[in-house]
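Protein chains in written order, with my numbering: chain A, 176 to 426; chain B, 176 to 426; chain C, 176 to 426; chain D, 176 to 426.
Hint data in this document are derived by calculation from the structure and do not stem from the laboratory. In this text the structure is predicted, and so the values were computed from the model without any measurement. Some hints here could point you the wrong way.
Repeated chains share a single entry, so a pair holds when one copy, or any two copies, can fit it.
Restricting the straight-line Cα-Cα distance to at most 30 angstroms, the calculated cross-link-like pairs of lysine-lysine (DSS-like) are [what the hints assert, rightly or not]:
1. 349 <-> 252
2. 191 <-> 302
3. 424 <-> 344
4. 217 <-> 344
Protein chains: 4
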Amino acid sequence: MKKVLIAGATGSMGRKAVQLIEKQSDYQLVAILAPNATADTKLPAAVSRFDNLADINLAADVWIDFTTPQAVFANVKFALEHQMRPIVGTSGLSAEQVQQLQAIAQQQQLGGIIAPNFGLSAVLLMKFAKEAAHYFPDAEVIEMHHADKLDAPSATAITTARLIAANRKKNPAKTNMATEARGADYDGIAVHSVRLPGYVAHEQVLFGGPGEALTIRQDSFDRSSFMQGVQVALEKVMDLQELVFGLEKIL
Amino acid sequence: MKKVLIAGATGSMGRKAVQLIEKQSDYQLVAILAPNATADTKLPAAVSRFDNLADINLAADVWIDFTTPQAVFANVKFALEHQMRPIVGTSGLSAEQVQQLQAIAQQQQLGGIIAPNFGLSAVLLMKFAKEAAHYFPDAEVIEMHHADKLDAPSATAITTARLIAANRKKNPAKTNMATEARGADYDGIAVHSVRLPGYVAHEQVLFGGPGEALTIRQDSFDRSSFMQGVQVALEKVMDLQELVFGLEKIL
Amino acid sequence: MKKVLIAGATGSMGRKAVQLIEKQSDYQLVAILAPNATADTKLPAAVSRFDNLADINLAADVWIDFTTPQAVFANVKFALEHQMRPIVGTSGLSAEQVQQLQAIAQQQQLGGIIAPNFGLSAVLLMKFAKEAAHYFPDAEVIEMHHADKLDAPSATAITTARLIAANRKKNPAKTNMATEARGADYDGIAVHSVRLPGYVAHEQVLFGGPGEALTIRQDSFDRSSFMQGVQVALEKVMDLQELVFGLEKIL
Amino acid sequence: MKKVLIAGATGSMGRKAVQLIEKQSDYQLVAILAPNATADTKLPAAVSRFDNLADINLAADVWIDFTTPQAVFANVKFALEHQMRPIVGTSGLSAEQVQQLQAIAQQQQLGGIIAPNFGLSAVLLMKFAKEAAHYFPDAEVIEMHHADKLDAPSATAITTARLIAANRKKNPAKTNMATEARGADYDGIAVHSVRLPGYVAHEQVLFGGPGEALTIRQDSFDRSSFMQGVQVALEKVMDLQELVFGLEKIL
């Protein structure tokens with residue numbers, strides 16, 4: 176029975192992670208790091224609660240992190256230095272920070288995973304899009320989000336476009352990109368952003384070739400979907416030899 | 176049995192129109208205007224063939240026009256002046272020319288129809304989008320065409336966006352239109368154009384409201400679809416009191 | 176300022192209705208019928224709370240009902256007999272009960288609306304499907320719901336199929352309906368039901384004709400969408416001359 | 176420069192194959208087997224034409240076969256026995272025949288490919304569906320074809336369902352399969368068939384998991400799309416060590 180510490184256990188994702196661990200037969204929750212927990216916070220019996228990193232006086236095998244951009248780097252560094260394998264869903268780590276953490280993991284001979292997106296449908300979409308790009312050099316990306324999302328395109332859509340561009344083996348057809356309706360151009364891939372109330376978070380990749388089309392679409396209806404990806408991480412984390420970045424690396 | 180003259184009977188659309196008339200029980204093809212017909216051109220028996228407008232020496236009840244932007248105005252004027260009701264699928268008439276022809280039709284007390292798009296799915300999409308706009312002020316348009324289409328967005332997509340904008344009864348949500356990925360802005364409606372090989376001609380309208388979405392999509396796989404719209408025009412043309420513009424007016 | 180009584184104000188839909196009324200400039204909540212309300216139930220000031228029909232001793236202009244199949248008939252009868260115009264989103268009324276209530280409304284010279292589905296996207300889908308059937312006799316319905324929904328097809332899908340069948344003007348193409356994969360046959364329309372976790376409530380109508388296709392799709396992500404339909408009912412209810420059945424009648 | 180013989184070069188697929196070979200820089204058409212060729216059949220210069228298998232008196236490196244179910248077995252056997260690597264798009268080989276041909280290929284130490292479907296979008300859909308099944312045990316298949324297709328579901332849809340079923344790692348959700356609307360059950364996967372005029376050949380796989388969905392769709396607008404798959408086969412056939420069945424094996 177492996178031991179788990181959850182950092183950020185009282186946030187919306189953290190609470191789902193607590194529920195997820197309770198359903199595992201080979202993992203057991205032993206502690207939470209939760210500065211914002213109150214007297215009312217319900218915890219399974221025999222779970223220690225810590226308010227600060229410095230107070231943590233027990234060891235776990237796995238450190239699950241759903242905290243804040245401000246806290247995540249120190250958290251994961253602490254975890255690695257105390258022989259805990261991190262599963263990190265918190266956003267906000269810079270590329271340099273990720274590299275630093277990967278170096279520490281190597282020194283400590285520990286594996287783990289940092290994933291900006293634990294949604295399996297989004298990660299599989301990217302994986303399949305990358306592979307389809309070998310055969311279909313012509314592709315466009317359409318992402319659709321709720322009207323309140325300010326940035327466009329979404330980070331996932333940009334990543335998808337770049338993956339496709341990097342994996343094409345033939346030149347795409349020439350198209351007119353000069354008009355606004357043709358969207359944003361990322362490495363030669365047109366990316367379109369739809370913003371409408373009612374929508375949640377959705378992405379489509381459209382591939383076209385002579386006489387045929389291939390479309391891959393993912394819909395995230397709510398963030399509970401992330402727990403499927405955390406489940407995959409739990410199944411693999413004890414065998415990982417390094418601190419990998421991106422859920423797709425372990426699918 | 177009403178008589179039909181088809182102008183442009185040897186072009187790709189004209190040939191389909193000839194076949195369509197052959198299937199009607201209440202219409203009969205009596206003549207074609209076909210400057211490019213050759214000795215090989217097969218015609219039903221008892222159909223007169225004319226090379227020039229000036230040669231036409233018989234009267235029909237209906238004039239179907241699938242010719243060229245250069246010829247269409249003179250053709251339709253001639254038809255109206257000789258008491259033939261026009262069904263016009265040729266593109267290229269300016270707004271002024273349409274008005275002039277409508278005035279002539281009024282003088283002659285003749286009805287008819289000029290339609291830039293005889294595709295029923297496209298016309299119904301516009302009709303429904305216009306109506307949905309009353310209830311869903313938030314909408315975006317995505318049109319998808321083959322990679323060779325140079326202009327973007329398509330004329331139909333622009334028309335659709337303007338119809339939606341003109342029929343909204345509430346203010347839409349504010350979204351960030353400042354980035355390229357958000358597409359072209361037509362009267363406050365974002366319009367996106369996809370250009371990919373394999374695709375033919377397709378359009379989607381996406382509506383979003385609190386907790387729900389409505390999507391209308393049409394696919395034109397080939398232009399044979401236009402004949403469905405011409406069929407509708409044939410069923411109504413003898414009863415029309417004016418020269419209407421747009422198939423949606425008679426649906 | 177018109178007065179509103181909400182029956183079922185403490186249920187999930189009723190609470191949303193309370194919020195909706197608070198946003199209206201021409202309606203005011205004066206009372207609730209809420210047998211299950213507790214001391215904790217928060218109510219706007221100056222709102223009367225009743226536990227039983229018999230206790231209601233004030234008059235409102237509009238009666239909004241989101242109660243139970245057991246209570247709804249008596250509730251609406253009471254409302255009409257006390258000069259309140261009903262807006263009814265509760266399911267469970269039989270066709271006979273609806274007719275009885277319509278007769279009472281007529282005697283009382285009151286209008287109102289009973290709607291099995293207040294989701295605007297679903298109601299517009301049915302309206303458009305009915306209209307498209309005039310031109311596209313060939314149609315199929317695919318509805319998609321969460322894996323827990325036991326019945327199939329959904330009531331809305333059946334209604335949609337029957338509306339299409341009743342409004343066709345031409346015979347559809349003959350297809351082989353003899354294999355299971357072809358779905359259920361409702362008046363000659365194939366209806367398919369998808370049941371998958373993650374999905375909420377979605378319906379598509381696919382129309383096909385020579386060389387083209389038309390698709391109408393609606394997605395209900397959560398039941399908050401019903402309040403858009405109640406809003407439409409509020410805007411029209413004071414002008415209705417009869418007790419109409421179905422939101423589509425007033426769109 | 177490798178030499179190619181095309182069997183069935185005057186059929187609709189064979190003609191496209193002739194055009195495809197003309198565009199290759201490392202392949203050259205040297206002969207056709209075409210019993211139905213007429214004096215009018217246009218062939219590139221220096222291409223031999225044979226009416227019967229027995230007449231073929233030259234060797235090529237690759238044998239492309241788009242013939243008939245009656246001819247294909249003898250053709251491919253002949254090709255292998257004469258040291259030609261087969262690329263076979265003809266349908267109608269039984270499982271036993273495929274095994275016999277694979278045995279001959281092994282004796283002759285030749286590779287090649289037999290593919291029931293050379294459409295890249297369909298083959299990639301199956302490949303991705305198989306992989307997604309590891310993570311999403313809940314899936315349904317919807318295939319859509321023109322109204323004239325008599326059988327349902329399509330062979331590709333059945334293959335897709337079986338691939339998904341065979342690659343699931345978890346139990347799917349329990350759903351009610353007892354009503355007709357739930358479609359046909361292939362190894363626990365619901366398969367739905369839509370038959371509508373206008374449609375060509377399309378397939379969707381819908382995956383659902385907690386809070387998310389993944390959809391893969393392919394559209395075949397015309398059979399010219401098969402040549403993309405033949406192109407891939409040409410790029411790999413000289414390196415194949417066995418007679419593989421299914422284009423997905425070499426993607």
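Q. Which hint numbers does the structure go against, in order from smallest to largest?
A. 1 and 4
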